[in-house]
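**Student:** Sequences and hints are given; from them, build the entire structure.
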Amino acid sequence: MKKPLLLVLTFLCASISYSQEKSDSIQKSNEDLPLEPGREFSISTNQGSWLSLDIHPDGTQVVFDFLGDLYLLPFSGGSAEQLTSGMQFDSQPRFSPDGKKVVFTSDKSGGENIWIIDLETREDKAVTNGNTNRYQSPEWSPDGQYILASKAGFRSGTLKLWMYHVDGGTGVELMSEPGNIKMTGAAFGNSDRFIWYAQREGDWQYNAIFPQFQIGRYDRQTGKNEVMSFREGSGIRPTPSPDGKWLVYGTRYEAQTGLIIRDLESGVERWLAYPVQRDDQESRGTRDALPGMSFTPDSKELVASYGGKIWRIPVSGGQAVEIPFSINTTIELGPELQFEYPIPDSSEFIVKQIRDAIPSPDGSKLAFTSLDRLYVMDLNEKIPRRLTNQEFIQAQPVWSPDGTWIAYTTWNDGVGHIYKTLISGKKAGQPVQLTRENAIYETPAWSPDGKRIVALRGPAVNFQKSLNQRAPGTGRELIWISADGGTATLIDYTYRREFPHFSRNPDRIYLNNNDGTLLSIRWDGSDEKKHVKVVGTTPPGSQSPLEASRIIIGHDESRAVAQVYNDMYLLTIPMVGGETQTINVSKGDKASFPVQKLSDIGGQFLAFSKDMTKVHWSIGNAHIIYDLDSAMQLKSMRETVATNFEEENKKLNKDTLQYSPEEFRIRVTAKRDLPAGKLLLTGARIITMNGDEIIENGWLLVENNRIKNVGPSGSFEVSGDTERMNVTGKTIIPGFVDTHAHVRPAWDIHKPEAWQFWANLAFGVTTVRDPQTSTTDILTYEDRVKAGKMLGPRIYSTGPGMFWQEQIENLDHARKLVSRYSSYYDTKTIKMYVAGNRQQRQWIIMACREQEIMPTTEGSLNFKQNLTQIIDGYPGHEHSFPIFPLYDDAIELIAFSNTAYTPTLLVAYGGPWAENYYYTRENPHDDQQLNYFTPHSEIDSKTRRRGAGTGPGPGGWFMDEEHVFKPLAAEVNSIVKAGGRAGVGSHGQLQGLGYHWELWSIQSGGMSAHEALKVATIMGAESIGLHQEVGSIEPGKQADLLILSKNPLENIRNTRGIEKVMMNGRLYDATTLDQVFPDKKSAPVRTWTEDMPGQVPGISGMEGHE
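Numbering (full-length UniProt numbering), first residue to last: 1 to 1106.
Incorrect hints may appear among the rest.
With a straight-line cut-off of 20 angstroms between C-alpha atoms, the simulated SDA-like cross-links for lysine to any residue are [to be verified]:
| no. | residue 1 | residue 2 |
| --- | --- | --- |
| 1 | K530 | F499 |
| 2 | K708 | L680 |
| 3 | K614 | N566 |
| 4 | K635 | D589 |
| 5 | K530 | M575 |
| 6 | K530 | N584 |
| 7 | K224 | D167 |
| 8 | K108 | T132 |
| 9 | K533 | I552 |
| 10 | K942 | G955 |
| 11 | K101 | T132 |
| 12 | K533 | T517 |
Derived CB-CB ranges, DEER-like [as the list claims (entries may be wrong)]:
| no. | residue 1 | residue 2 | range |
| --- | --- | --- | --- |
| 13 | Q256 | R122 | 36 to 42 angstroms |
| 14 | N514 | G729 | 53 to 59 angstroms |
| 15 | N704 | P275 | 53 to 59 angstroms |
| 16 | D1074 | T722 | 18 to 24 angstroms |
| 17 | G683 | R1053 | 22 to 28 angstroms |
| 18 | R122 | P37 | 18 to 24 angstroms |
| 19 | G729 | A1083 | 24 to 30 angstroms |
| 20 | P57 | R122 | 16 to 22 angstroms |
| 21 | Q145 | N514 | 48 to 54 angstroms |
I should point out that these hints are in silico values taken from the structure, not numbers from a laboratory.
All residues carry an ideal CB built from backbone N, CA and C; glycine is no exception.
**Tutor:** Here is the structure:
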C-alpha cells in the first residue's frame, strides 16, 4: 500500500540533509562515449579489410583507416604509424591540399560527424555538429577552405552532397532534388568548378538489378549536374587525377569488381585493374561503394587497396606494385557479455504475460486473459481466477456497464464467436454465446446503455487460412449485436478504422483510424467526426512523427488517453470545430493542449477507468494503475516545496515527490510440461557435439525430460522399467538451435496451434530464438508450449526490437528500457535494432550488462556499424556482413570478441539471397513433408513464380557466380576456425526446410560437416546462453535430439533424413508429429490444410496441364 501523502512530506522534511549528501555522490554520465573498455585485442598483421586511403600532396605518405583508427605509412611501405586511437570509429581519411591536416569521419562525439586532425599537433576538431546524422566520404576543396561530404539522417533519408567551411557554419546542401537520388564519393580534379560523384535512386535494394550507380558531375558555376557514365555494372567512387587528364572509377563486370580509367579529353576508357575489392553496391555502403583511392601527385599511378593490401597501379599499364605495411597495435573492446540461463524442472511456472486487461466500471476488479484463457481478479485481493472452463482461445474481454457481465471473443479451430458470462452468482462462469454467425470477431465494446455490443467482424476462413500474423479481410466490418444475443447488424465497413469504444454518449461509437486519429460515427455509420489526431516525436532522419496506435476517449469526452509507440499519455480533447486538431504529445508543456506523459518504460493494453481518475496498462505479467488524483496532489506538493524550502533543497524534494503509479505482478501459474518415462535408444551412431566425440554403437538413456546417460553400447546399467528402442543404423544428433527464427504466429487473437511451430519441430528445430517479434504475442505462445498446450520447439525471443524511435536520453533511460525485457518480458535477450547513435548503443549494452541480459544486433547492411557493435562488446550479430572477403584483421577481431555471428544467408546482404538458389534448383513445391506441415498457398506463393516482373525484390533466378552465400560462408568458416562463434538462423524464410538450406549454405564455405553441425547445435546454444541445457548430448541436459536415417557427416544434406524428433523428452514421428513416447497419441488436427479441387465439373484432361 502507498503511504499517505502527508506522511511522505513529513518524512522528507526530516531527511533532507541525508538525501542531499547521497545525491552529491551521483556521477554524471560521460557526455561522449560512456563505455569503459573491458578487454584489449592485440594484433600484428600486414593485411586489412576495406582500407580507404589517400596520398599526401608531396607523395611521401599514405594515410589509411584500419579497424576504426587512422594510420600514416611511408609511400615506400613499412611499419604504419598510428594517428588516432580509442574506442571511437575513425574512417575515410583525406589529406588537405597543403598536407598539414586530415579530414575523416568519426563517432567520437557519440554520433557521426566530420573531423579534422592537425598532423603536427595531433589536435582535432569537429567540422559538423549534432549526433543524429550520418556522413561519409569527406573530401577537401582544392583551396583547402571547404569540405565536401555525403550527409543524411541517422536512419532514414537519402545521402546528399553537402559543403562545409573548415572554420564553421552549418553548411549547405548542393543538390536537394531529385529527393530520391543518393549521392556519394564527391571528388575534385584539377579544377574547383566540377565535383564528381556517384549517384543512384534510393539507398539500396535486395536482390538488386544492375546498374545501381552511375557517375555524375556537378557544375559549381551553373548549379547543374549531368550523368557521366552508362555502364551495366554501374559507375562508383570516381577518382580524378591531379593533372585533370584521367578519371578512374569502379564498376562490376560479370560477378566481380574492376577499375576503369577514362581519358577525360578523348573519352576513351579501358580496364586499369580487375578484379579488385568487391564493391558494396548491394548494401547501404556506409563507407562508400568502394574504399577511397588516390592518384600520386604526378598522376602516373593510382594507389588503391584490394586483396587486403595497398597497391600502386601504373596508369600506363603493367603490373601493380605492393606498398607493404605492417601494423602492431591494440584495440580496446567493451567487456564481454556471456550469461547462462537455466531451464527449470519445477512442476509449475509463473506465466509471463497477461493480455487485454480492463478494469470493471466500479474499478474494483480486473478482467484479462492469460495463456489465452479468461481471468478476473479483485484488485484488493489480487488473486486471479479462471472465469470459464472453455478450453479454446479467449481474448479481449469487455465489461457490461453495470459490471455484472464480461463479453469476450473466442476462436476454436476455425470457429469464432462472442460470448458473455456472469462474474458472480450461481451462473457465473457459464458462457452464453451471443453471435450466430461464425466469424473472426475482434475488440468488442459494450454500449453505455448496456443494450448492444459493437465489434469488428471478418470471414472466419480468412483468419483460419491466414499464413502469418494478420489475415487480409479480417475486421473489415463494424457490426453490433444485442447484448442478449442474436443476428449481427452491419454498421459500416471499417475502412482502416478500428478499436470501437464509447464515452457516456450512447449515440456515438468512437473509433481509431490507423493514422493516429480519434473519430466517431452514429449507429448507422453516418456523420463521421474527427476529434483529434495524436502524434509523438519525430525520430532522427524521419520525415514524419510517430502516430498514436491507440486513443481512448474519456467518459465525459473532455480527456483521452493515448499510446504513442510504447508510452502512455493523458491529453485534453479540444472542441474547436473545423480542421482536426493535432496534438504532439512529445512537446509536453509546449503542446497545443494539456498533455501528461504517464509511463516511463512503456507498456500496452491501455485502458481508462469509467470515472476518468485512473489509467491502466500492462507489461509482461505486471499491471500498472496510474492514479491521476494522487499524481496531481504530489504535483501540488512539489510546487509547495519549491516555494517554501531553501533553494538548495528544492531539487531534492521536487525529485523525491515524483509520483510513481501502483504496479503489481499478476501471478497466474501453469503446470510445466514434464513427461514421465524412461527410454533407451540402442545401436545408433551418436554425434554428441561434446567436442569431437562420436559414439559409433551407442546407448542413449532418456529419463523424463532429460538425458540420463550416454555412452558405448552396454557401458552403463539400465533399470528394468526402461522402454527400449532399437535404432541400429541410424544417427542421433542434438536438436537444432535456430538463433534467428522469425516464427510469426497470429497476433491479437491467437490460434490453438501454429503451423510455423509444427514445421520447425518436424524438420528438427527444437529450440528457436526469434530476434524481433514486433509484438509481445510471442510471450504467450512461449508459455503455451512450455505448458504443453500446443506443439512446438522451445520458444525464446527478444520480444519487440529496441528501435531508434526510443530516442534514449541517458544511461538511466537505457536501464529503464532494458528492464522492459529483463524484468517484465523475461526474454533473456533483446534485439538492439539500430537503436540510436554510438553513444546510445553503448548505454544499452551497459544496461544489459547490469541486468544480465544478452543483446543481439541488427546487421542493417552497415559494416561500419557492425564493427562498432563488435568493439562495444555486443554478444550477438544478426545477418551477414555485407563486405567480403574479410581479411585477418576483421576475422581475428570478430573471433576474439566472441560475438556470435548468425549470417542468415537465405537473405544475404551484398548479393542475391541464398533462398533463391534453392528455390530455382530444387523442388520444394512437391516436398511431401513440407506440404504436410505448411499451408499450400504459402508454398505456392514462394515456389511457383519467383521474382515475376522486372524490379528487384525477394525472388528471382541468378547465375551461380552471382550468388554470394559461399564467400560469405567462407567468412563464417574463418571466424569459427579462429575461435569465434556462429549460429544457424533461417530468418523464417521457409519454416522448417529453410533451416536446412541455411545450414547447408553455411557448410558450403569450407566447413566440415561436423563443424557445421556444431554451429547448428552447441554453438547456437552458446550464442543464446543455453549451452548448459541444450545443444549437445550429455547427461543432465534437456532431451532434445534427432534420429536420422543417414549419416550427416558423410553428406550434410542427410540432415533432411529425420525420422523422429525428441523435444523435452517427448518423441515424435517427424512425418506427422504423432507422439510415440512416452505415450502414443496422435497430433492435433492440422487446421491450416486447404481444400484441393476434387471431383467437380471442369475441362476434361486439363487437371495436369502445364
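**Student:** For this structure, which hints from the list above don't hold up?
**Tutor:** 7, 11
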